[in-house]
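Take a look at the letters that make up each chain.
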Amino acid sequence: MPSVLRSVEHVRGLIQSGKALLLAGDEALLAQLPKGKWIGGTIPYFISDEGGVCTRDSIFVTELPDSVVEVTVERYDEKTITKVYKDGAEASFSLIIIPASSPTHLTFALSAPTYPAFGVKPLVGWIAGVHLSDLGKAQPKVFDGRTVEALTNAAVVLRAKLAPGKLADVGIVNIFEPSEGETIAFEADGFSARQALINGEKRPLVDWLKGKAIDTRYPLVASYMGTQVNVSFQGVDAESGEVTFYAPVFAGVEYHAARPVSDYVKEFVQRVPDAGTEGIAFSCNCILNYLYSELEGKNTGAFTGPITFGEVAYQLLNQTLAYLVIIDSA
Amino acid sequence: MNLPPPTDPLWSEIVTGRRKVAFEFLGARMLVTRLQIAAIKDKNPAVLGQLAGELQGLFAANINLPAARNDLKKLGF
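Chains as they are written, first to last, in this note's numbering: chain U, 939 to 1268; chain X, 669 to 745.
There could be a bad hint or two in this list.
Computed spacing ranges between beta-carbons, pair by pair [said to hold, decoys possible]:
{"id": "1", "chain 1": "U", "residue 1": "S1130", "chain 2": "X", "residue 2": "P673", "range": "34 to 44 Å"}
{"id": "2", "chain 1": "X", "residue 1": "N670", "chain 2": "U", "residue 2": "S955", "range": "38 to 48 Å"}
{"id": "3", "chain 1": "U", "residue 1": "P1041", "chain 2": "X", "residue 2": "K709", "range": "22 to 32 Å"}
It is worth saying that the hints were derived from the structure and are not from the lab.
Heads up, the beta-carbon is just placed ideally off N, CA and C, and yes, glycines get one too.
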C-alpha cells in the first residue's frame, strides 16, 4: 500500500479520484487540498522509503488499502473524546490525529484507558506537531478533509471498515528496556511531578535524576503485562523541582529509567516483529527517536510514515513506533 | 469458539492478578494493566464484576484476531 511523499498536485488528484487518505505535512500544503475522504495533521518530519527527512515541500500520503470498503470521518474535542472508542466499535479500525498540547490531546492522554470500549477495536494514530524551529511560534493543527478546516483543538478520526475475511491489528516497536535500577512510582496521574516514590521512599524527583545522572533523553519505562510503555521527559526544572513529561505518568504503575541505547537503527531492526512487515497499513515514529537517534537519512525498512509528537496505539505512547497491520481473519 | 460469560471467575481472576497470563494481544495487555490498577483502587465486588465484563467484552469483540485467539487458547478455550 502506498505510503510516500507526494506533491500537492498529486495528492489533489488522489482525493479527487475518491481515495481515502491519511495525510501529514506543512499546514500551507494541507490547506490547498480539496474536500474529500481524508484527515491530516501538521508535521514536516517523515521517515520515507529513503530514510528520515525534513521537508515542507511534500505531503506524506498513506493511502488506505483496497481491503477497506467503507470510510467515515469524525471529529472530537476534549468533551466528546470519551466516545472515541465506543463510536469505533463497529469499524474495523480507526486512525486518529490530535494537535500536540491541545486540550483534546491532554485529556485523551490522561484518561483514554478509562473510556468506554477501550481496546475493543484498533485505534492507531499520532500527535501533530510543528517544525522544531517553530516551537512556541506556530500551533500544531489537524485537518478534517470533509471541510478542509484547520483545527487547533480537535481529534480527527477516520473510521474504516474492511472487507469480509480481513482484520486489523495494532503493534508497536519500542527499543527501550527498563534498567535494573530503582522502581519509580507516582502518587497521582499527571504530566508533571515534583515527588516520586523511589523504591517506595518519597523523594524529590529532581534529586534522584541528578544523583543518578539519569540521561533524560531516554524515557521512563513501564511494563504493561510485558509490553514496554514509555513516558518521555520534557523538561527538568532544577530550581522549582518540577519534572515534566510528554505523556502522563500514572499512579499504580511502576517505572524504571531506560537502559541507554547506542545504535537506534540496529536495535530497531532486531525488534521488528518475527512475522515480518507484510500488511502494514500505517506507521509513525516519535520525533524524539528521530532527534536523539539521528534518524535523518537513516532507513527503518517498511516502517515509513510521519515523525510525530506522540504516537497512539490504543493509548498515547512516547518514543515508540506504532503501526497498523491488515491481516486475514483467523 | 465459545467464550465464558462475563460472570465466569476466569475474568475476575485475571483482573485481580490471581491468574497470570502472558498475553500476546496488545489491546489485552494495555486494558488488563488499567483494569488491575482499578481493581486495587476499588475492591467493591460490583466494580470487580464491571472490570471483568470489560475484559470479556474485549475478547468477544476480537475473537477472530489471531493474537486474541492464541491468548484464549492459553486460557483453555
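For each hint, the structure was consulted:
1. U:S1130 / X:P673: 34 to 44 Å: With a Cβ separation near 43 Å, U:S1130 and X:P673 satisfy 34 to 44 Å, so the hint holds.
2. X:N670 / U:S955: 38 to 48 Å: 45 Å, holds
3. U:P1041 / X:K709: 22 to 32 Å: 26 Å, holds
When the structure is compared with the earlier hints, no violation turns up for any of them.
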